[in-house]
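Asker: If you're matching positions, the sequence shown starts at 1159 in my numbering and goes up one per residue.
Quick caveat, the hints were computed from the structure, so don't treat them as lab data.
Here the structure is a predicted model, which is why all the values come from computation and not from measurement.
Be aware that one or more of the hints could be misleading.
Taking CB as the label site, the calculated pair distances span [stated by the list, open to error]:
1. R1235 x H1180: 21 to 31 Å
2. E1210 x R1245: 31 to 41 Å
3. P1207 x R1245: 39 to 49 Å
4. M1176 x K1248: 17 to 27 Å
5. P1193 x R1219: 17 to 27 Å
6. P1207 x I1236: 32 to 42 Å
7. L1217 x D1186: 14 to 24 Å
8. D1181 x N1249: 11 to 21 Å
9. P1222 x A1194: 43 to 53 Å
Under the rule of at most 20 Å between Cα atoms (straight-line distance), these lysine to any residue pairs were calculated in the SDA-like manner [claimed, not checked]:
10. K1200 x R1245
11. K1200 x W1223
12. K1200 x R1241
13. K1248 x R1235
14. K1240 x S1190
15. K1240 x A1184
16. K1200 x Q1214
17. K1248 x A1229
18. K1200 x S1190
19. K1240 x A1216
20. K1240 x A1194
21. K1200 x I1230
22. K1240 x E1197
23. K1240 x L1177
24. K1200 x A1185
25. K1200 x N1249
26. K1200 x F1188
27. K1200 x M1176
28. K1200 x D1183
29. K1240 x M1176
30. K1240 x P1207
31. K1200 x A1220
32. K1240 x A1182
33. K1200 x K1248
34. K1200 x F1189
35. K1248 x I1230
36. K1240 x F1188
37. K1240 x A1220
Beta carbons: idealized from backbone N, C-alpha and C, even for Gly.
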Amino acid sequence: MTTLLTTFLNPADATADMLPCHDADAADLFFSERPADLEQAKTLCAACPLIEECRQGALDRAEPWGVWGGAIFDAGRIIAVKRGRGRPRKNPAQQVA
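Work out the full structure: start from the sequences and follow the hints.
Answerer: As structure tokens, this is what we get:
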């Protein structure tokens, strides 16, 4: 797996451009605090040729946070969704979409 990842992640290699996490405009999405940004990063991962290797590598390393292999990591574990910061609203009518 390491050989495969280093082949794709070598900046001198033209195939690194295929990886969505290497796009300078999208890089911040993968470590954002905003749940909507993380969901967008997960969507970008869907077309990545290394999605499985990326996710497994993040699990092996117990990555503390971010989107890896199309999954949101928090404290080294995969979580389904990231909740927004702060307390939830008491009145459902006041919730913002």
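Asker: All the hints need checking, so say for each whether the structure fits it.
Answerer: Consistency of the hints with the structure:
For the pair R1235 and H1180, the supplied restraint of 21 to 31 Å holds, since their beta-carbon distance comes to about 25 Å. Taken as a hint, the range 31 to 41 Å holds for the pair E1210 and R1245, whose Cβ atoms sit roughly 37 Å apart. About 41 Å separates the C-beta atoms of P1207 and R1245, a value consistent with the hinted range of 39 to 49 Å. M1176 and K1248 have their C-beta atoms about 46 Å apart, which leaves the hinted 17 to 27 Å range violated.
Checked against the hint of 17 to 27 Å, the C-beta distance between P1193 and R1219 comes to roughly 23 Å, which is consistent with it. Taking the beta carbon of each, P1207 and I1236 are about 20 Å apart, not inside 32 to 42 Å as hinted. Hint check: L1217 to D1186, Cβ distance near 23 Å, so the stated range 14 to 24 Å holds. Range check, D1181 to N1249: about 39 Å between beta-carbon atoms, so the 11 to 21 Å window is missed.
For P1222 and A1194, the hinted distance range of 43 to 53 Å is not satisfied, since their beta carbons lie about 21 Å from each other. Between K1200 and R1245 the CA atoms are separated by roughly 25 Å; this puts the pair beyond 20 Å, and the hint is violated. Restraint check: the Cα-Cα separation between K1200 and W1223 comes to about 13 Å, which is no more than 20 Å; the hinted pair holds. The suggested pairing of K1200 with R1241 holds, with an alpha-carbon distance near 15 Å, which does not exceed 20 Å.
Using a Cα cut-off of 20 Å, the hinted pair K1248 and R1235 is violated, with the two alpha carbons roughly 29 Å apart. Between K1240 and S1190 the CA atoms are separated by roughly 10 Å; this keeps the pair inside 20 Å, and the hint holds. Of the supplied pair hints, the one linking K1240 and A1184 holds, its CA atoms being roughly 18 Å apart against a limit of 20 Å. Between K1200 and Q1214 the alpha-carbon distance is near 15 Å, which keeps this suggested pair within the 20 Å criterion.
For the hint pairing K1248 with A1229, the CA-to-CA distance comes to about 29 Å; that exceeds 20 Å, so the pair is violated. Between K1200 and S1190, the direct Cα distance comes to roughly 12 Å. Compliance with the 20 Å bound is thereby established for this hinted pair. A C-alpha spacing of about 17 Å is found between K1240 and A1216, which places the hinted pair at or below 20 Å, so the restraint holds. Note on K1240 and A1194: the hinted pairing holds, with a Cα-Cα distance of about 9 Å set against a maximum of 20 Å.
Annotation: proposed proximity of K1200 to I1230 holds, straight-line Cα distance about 8 Å (limit 20 Å). Taking the CA atoms of K1240 and E1197, the gap is about 9 Å. The hint holds against a cut of 20 Å. Taken as a hint, the K1240 and L1177 pair is broken in the structure, with Cα atoms around 23 Å apart against an allowance of 20 Å. Simply put, K1200 and A1185 have alpha-carbon atoms about 12 Å apart, close enough for the 20 Å limit, and the pair holds.
With a C-alpha separation of about 30 Å, the suggested pairing of K1200 with N1249 is violated against the 20 Å cut-off. Distance restraint check for K1200 and F1188: the Cα-Cα separation of roughly 8 Å lies within the 20 Å cut-off, and the hinted pair is therefore satisfied. At roughly 15 Å between alpha-carbon atoms, K1200 and M1176 fall within 20 Å of each other, so this suggested pair holds. For the hint linking K1200 to D1183, the alpha-carbon distance of about 15 Å falls within 20 Å, and the restraint holds.
Proposed proximity of K1240 and M1176 is contradicted: the alpha carbons are some 27 Å apart, above 20 Å. For the proposed pair K1240 and P1207, the alpha carbon gap of about 25 Å is over 20 Å, so the pair is violated. About 18 Å separates the Cα atoms of K1200 and A1220, which keeps this hinted pair within 20 Å; it holds. Of the pairs offered as hints, the one joining K1240 and A1182 is violated, with about 23 Å between alpha carbons and a cut-off of 20 Å exceeded.
Under the criterion of a C-alpha separation no larger than 20 Å, the hint pairing K1200 with K1248 is inconsistent with the structure, at around 29 Å. Distance check on the hinted pair: K1200 and F1189 sit about 11 Å apart at the alpha-carbon level, within 20 Å; holds. Of the supplied pair hints, the one linking K1248 and I1230 is violated, its CA atoms being roughly 27 Å apart against a limit of 20 Å. Pair hint K1240 plus F1188 holds up; C-alpha atoms about 12 Å apart against a cutoff of 20 Å.
At most 20 Å may separate the alpha-carbon atoms for a hinted pair to count; K1240 and A1220 meet this at roughly 17 Å.
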